[in-house]
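If you want the building blocks of each chain, they are given just below.
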Amino acid sequence: MKSCLIVDDSKVIRMVARKILQELDFQTGEAEDGQVALDACRSDMPDAILLDWNMPVMSGIDFLRELRKLPGGAAPIVVFCTTENDISHIQEAMDAGANEYIMKPFDSEIIQAKFSQVGLL
Amino acid sequence: MNPEVFEFLSDLVKTESGLVLTPDKSYLLESRLMPIVRARGMKEMEDLVAAAKSKTDKALINEITEAMTTNESFFFRDTRPFDTFRDASLPFLLDARKQTKLIRIWCAAASSGQEPYSLAMILKEMQAKMAGWRVEIIGTDLSTEILDKAKNGVYTQFEVQRGLPVQLLVKYFEKKEEHWQIKSEIRDMVKYKPLNLLDPFTGMGKFDIVFCRNVLIYFDQPTKTKVLEKIHGLMPNDGVLYLGGAESVLGISDKFRPVPNFRGVYEMASENGGVTYAPPAAGAPAAGVKATA
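Heads up: the protein sequence lines correspond to chains Y and H, in order.
Going by numbering that gives the first Met the number 0, the residue at position 103 of the first sequence is 102; the numbering climbs one at a time, nothing skipped.
Going by numbering that gives the first Met the number 0, the residue at position 99 of the second sequence is 98; the numbering climbs one at a time, nothing skipped.
Extracted from the complex, chain Y is given alone in its bound form (with noise of 0.2 Å):
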């Protein structure tokens, strides 16, 4: 079973996402912010990382670099899931190591499309 972890600052958000990725038999972690999150990376590197861009503490864009340069930092596939809909957004993203990038709102079949997209499914 793969492991997706959940970063997002709204636990509203968290708790549609974790129900989506249980449903494609995802095991779920969560994680409020960017520092929570990349915690919790070393301690268990997950599979997958559905990533939140505007969160206290640290943000997506900064967990990523961080993320990034951790030993096995490059294995997870990261698709950001944000409100930011711009492609400088997305740019930066994607230059920062991002793997792909759901634009808010997303649904069930969202995800499954981008998640199919980059091998998770």
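Heads up, some of the hints might be wrong.
Unchecked claim - Taking lysine-lysine pairs in the DSS-like style, the calculated list, with each CA pair at most 25 Å apart, reads:
#, chain 1, residue 1, chain 2, residue 2
1, H, K150, H, K205
2, H, K13, H, K24
3, H, K128, H, K190
4, Y, K103, H, K174
5, H, K225, H, K192
6, Y, K103, H, K170
7, H, K42, H, K54
8, H, K225, H, K205
9, H, K57, H, K42
10, H, K190, H, K97
11, Y, K103, H, K148
12, H, K175, Y, K103
13, Y, K103, H, K97
14, H, K52, H, K24
15, H, K123, H, K148
Simulated from the structure, these hints should not be mistaken for laboratory data.
Given chain Y, put chain H in place with the hints provided.
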């Protein structure tokens, strides 16, 4: 729905477009046609039928037909056919057509353009290999309204997230307020023309590849056979036809036969007909995305 209303409208749509609507689809008639009823200041479907029966309003007949035949489309729909196009059909044609360096592709149910634009993006990604080649992509559809949408190439945030790798979004689209428009370098690669599949295919020319995906399912058997026969008439011996995931030529047309190892792809069934495709590689990269530098 009043059975007479259903019968009139379904007959009308079938005559105009070949589309078959079974009684269980009456909800679809309601949902697609009530907006027309309201837009014209009418009250109910019966009013629409009365106006259509008068036969003087051709525009109304077209409007009804177009509303019923419009279907949604996605970029790189079902993925695998696009991998096959890139990894099998194109390499085959790059050899088979090296004298003329011309490839003609027809998307026979182009809808809002995602299918022909997906092919165009694949070609653009292969630009180096395609130097000196002319590729004509023709997209046709019954509905002029949907073709206008295809020509503009403007899509919603939802539409550009289904099936389209984000690398291609960034490369080939521009943000226009809350929508995304495919760049003119891609738009310029596709020509759109209205065409009713029930009508003769005069002036179309020959096509090396025909995509006719998810439109035959709406026709009855005799119509499917007729359309496939007409398509066959536009193809050279080594042409190929791509059908939708749930479709097949089996029991419908003996003019085509499946290409071994490639689901959804059909070659000409004649003695001199057919293509030789190298067997599919395992673990090929996602459609449109470059494998290596």
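How the hints compare with the structure:
1. H:K150 to H:K205: holds (23 Å)
2. H:K13 to H:K24: holds (13 Å)
3. H:K128 to H:K190: holds (22 Å)
4. Y:K103 to H:K174: holds (15 Å)
5. H:K225 to H:K192: holds (21 Å)
6. Y:K103 to H:K170: Holds: K103 of chain Y and K170 of chain H sit about 20 Å apart, inside 25 Å.
7. H:K42 to H:K54: Holds, at about 20 Å.
8. H:K225 to H:K205: Measuring from Cα to Cα gives roughly 17 Å; hence the hint holds.
9. H:K57 to H:K42: holds (20 Å)
10. H:K190 to H:K97: holds (23 Å)
11. Y:K103 to H:K148: holds (24 Å)
12. H:K175 to Y:K103: Answer holds: K175 of chain H to K103 of chain Y is near 17 Å, not above 25 Å.
13. Y:K103 to H:K97: violated (46 Å)
14. H:K52 to H:K24: holds (21 Å)
15. H:K123 to H:K148: holds (22 Å)
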